[in-house]
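Here is how the chains run, residue by residue.
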Amino acid sequence: MNKIDNLEQKWKIYKTKKIVSSLLLLLIVYVVGAGVYYSYLKRDSINNFFSKETVVQNELNVTTVEEQNISDIKSIVKKEESVEMKVEELFFQPIIPIIDMEKERVRTPKSVIHKEKIPSHRIRAKPSTYLTAQELSKIKVSNHEERDTTRLKRIHLGSSSKNYIETMKKKFLKSKNSRDALLLAKAFYREKNYKESEKWALEANKIDSDLDESWILFAQAKAKMGKKNEAIKILIIYYKRTKSPNVKAMIEKIKIGDI
Amino acid sequence: MSSQYRALKNIFIDSVEKDAYVDLESASYNYKILESGLDKPLKMLLVFGRPGTGKSMLLNKLYHNLKESREIHYFEAPILSEKEFLRRVLESISSQQIPKNMKVNFDGLLQYCQTLKGQREIVFLLDECQLYSESLMEKIRLLSDTRVIKFVITLHKTDNEEIVAKEHFKTRIWEVIEMRNANEYDLELYITKKMIKKGFMEVANMLRKKDFKYIHSHTLGNFRETNKYLYTIFDIYEYYDELEPHKLSTKRFSRKILEMAALRLGYIHE
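Sequence lines, in order, name chains Z and H.
Start counting at 1 in the first sequence, then tack on 169, and there's your number in our numbering.
Start counting at 1 in the second sequence, then tack on 219, and there's your number in our numbering.
Certain hints may be false.
Each pair of labels, with its calculated beta carbon distance range [to be verified]: (1) H:290 x Z:181: 52 to 62 Å; (2) Z:172 x H:248: 34 to 44 Å; (3) H:285 x Z:182: 48 to 58 Å.
No farther apart than 16 Å at their CA atoms in a straight line, the calculated lysine to aspartate or glutamate pairs in the EDC-like style are these [unchecked claim]: (4) H:259 x H:340; (5) Z:181 x H:489; (6) Z:355 x Z:372; (7) H:475 x Z:174; (8) Z:172 x H:461; (9) Z:187 x H:478; (10) Z:184 x H:478; (11) Z:172 x H:478; (12) Z:187 x H:489; (13) Z:181 x H:478.
None of these hints come from the bench; they were simulated from the model.
Here the structure is a predicted model, which means the values were calculated and not measured.
The C-beta atom is built at its ideal place from N, Cα and C for all residues, glycine as well.
If we strip away everything but chain Z, and leave its shape as in the complex, we get (with noise of 0.2 Å):
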C-alpha cells in the first residue's frame, strides 16, 4: 500500500506542477493581452518611434497611386476612398522628407531659381489674361487717372468686389483660359468663398493639368475646408510628380497648419 501513498505524492507533485504552468499561461496571456491593448492606447507615439518605416510605407502608398497615372486633381479626388484609410498617417507623418527652403534657396543659383519658378512647358501670363480697358471700365475705380500698372495690378489681386468675379466669368466664357480660371479661383479664395475657390481651382486644372498654382489653390481651399489630409494626399501625389519647390512648402505649410 506504500506504492499507493508514493503515487499520491507523485499526484501532488503532478497536480502542483499543472496548476503553475496553468497560471504561467494565464499571466502570459493576461501580460500579452494588456501589451496589444496598451499599444493599441499608444498607437500614436509607437508609430512616431517607427516612423521610419511609415515613410517607406507611405511612399509606397503613394507610388501605387501614381503608377495608376493620375493626372489631374479630379481623377485623384475619385481615388479618394481607396486611400482614405492611410490618409491619417500621412498627416501624422513626414511623408516628403522636411528641407529648409531657406538653405535651399542660398545653395541654388539665381538662374536655376528663376527657371524652376518660370518652367519653359508653363503657360505664361498672356497680356489677354488681364483685363481690357473696356472691362476695366465696368469695375468702380475712384480716380481713372490713376490707372498705371501698379495700380491695375493692385485692383486685380486686391479686389474682391462681385462686380470683378461677374466680369472674370464673363471673360473664362470667352476665352476658356487656364489662367481666367485660377484668377477666379483666387478671387473667390480671398472671399473667403472656399467651395467656389476649389470649384475654379478644379476648372483651371482641367485645362491645364500642368499649372502649379491650380494643385495649390485646390488643396488650399479644401484645407480652409478642414480636409487637410486630403490637401496633403493630392499635394504629395502631385509633388511625387513635378518635384516643385512650392508644392512642398504647401504641404509643410498646410501640415503644420500655417495656412
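Let chain Z serve as the given structure and place chain H on it in line with the hints.
Coordinates of chain H only, in the frame set by chain Z:
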C-alpha cells in the same frame, strides 16, 4: 467484506473469453462481414489491425457462435512447429488422436483433403499468424486450395505484411476485415456495457463524458490499453475504499484517481 472495486477491476483483466466480448456497433459490423464471408466460396479470410483492436475477441466470438452449427476449429495460440501444426489439423479433421511417434506427411494430408471435397467444409481460425513461418503459411495456402479447408487468419497490421502482400496470397484472401481502435463513443459504450453486464451500474453512472474523454485521450481507443487503464484505476479505488474511504466521493468519479492511474502507467509524468 472485500471492496466492490476488487471484483470491478477483475472484469478488466485482459482476456478473450466469450463473456468478455462487448457488442459494439463497429464490432458487430465486422462480425457480420466475417460470418457472411464463411458462406461465400472464399479460400481465406484475413482479419488485420493493430494489437488490442479486438481481433482475437472477434475470432473467439465467431468460434463460440458457430461451433454448434458448422465444422469449425480455433487455434487460439499460434502453433509454430510445422509438424505440430499438421498433426493438429489432421486430428481436427479426422477426430482421431495421432500417436506421438508418428509424423503427418503433408502430401498425404493434401490427398486426404482432396477425398473430402464436396462432402465437408471445415473452417480453421488461426490467431496471431504473423508468428507463423513463411513455409507454414505456404502450406496453409495449399491446404486452402483444396477447397475443403477454409482459413480465417488474423495478422497484426504492421507485422508480416509481406506475406499477405505476396501474389499467391493476394489472389486467395478475398475478404479483408480491418479492425480499428474505438472512437470516444464506442469506448464509452465498451466500458459502460462491460460494467453494467457485471452489475456495476452505480459506478458506471458515476463516469461522466469528460472522464471517458480523458480515458480515450490516453488509450486512444485501444481495448487492451483501456482494460489495463481501468484495471489500474479500480485497483487504486480498491485501496482508498478499504483504507481511506473518506477520500472517495459516491457521486462523482475521482479525477484524482484517473490521473494517479495515468501516472502509474506512464501516460503522464510528474
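Outcome of the hint check:
At roughly 60 Å, the beta-carbon separation of residue 290 of chain H and residue 181 of chain Z lies within the given 52 to 62 Å, and the hint holds. The beta-carbon spacing between residue 172 of chain Z and residue 248 of chain H, approximately 42 Å, falls within the hinted interval of 34 to 44 Å. Here the CB-CB span from residue 285 of chain H to residue 182 of chain Z is close to 53 Å, well matched to the stated 48 to 58 Å. Taken as a hint, the residue 259 of chain H and residue 340 of chain H pair is honoured in the structure, with Cα atoms around 11 Å apart against an allowance of 16 Å.
With a C-alpha separation of about 9 Å, the suggested pairing of residue 181 of chain Z with residue 489 of chain H holds against the 16 Å cut-off. For the proposed pair residue 355 of chain Z and residue 372 of chain Z, the alpha carbon gap of about 12 Å is at most 16 Å, so the pair holds. Between the alpha carbons of residue 475 of chain H and residue 174 of chain Z the distance comes to roughly 13 Å, so the proposed pair stays at or under 16 Å and holds. For the suggested pair residue 172 of chain Z and residue 461 of chain H, the alpha carbons sit about 15 Å apart, so the restraint of at most 16 Å is met.
For the suggested pair residue 187 of chain Z and residue 478 of chain H, the alpha carbons sit about 12 Å apart, so the restraint of at most 16 Å is met. Note on residue 184 of chain Z and residue 478 of chain H: the hinted pairing holds, with a Cα-Cα distance of about 9 Å set against a maximum of 16 Å. Pair hint residue 172 of chain Z plus residue 478 of chain H holds up; C-alpha atoms about 15 Å apart against a cutoff of 16 Å. Distance hint between residue 187 of chain Z and residue 489 of chain H is fulfilled; the C-alpha atoms sit about 9 Å from each other, no more than 16 Å.
With a C-alpha separation of about 10 Å, the suggested pairing of residue 181 of chain Z with residue 478 of chain H holds against the 16 Å cut-off.
This entry satisfies every hint, going by the numbered hints stated previously.
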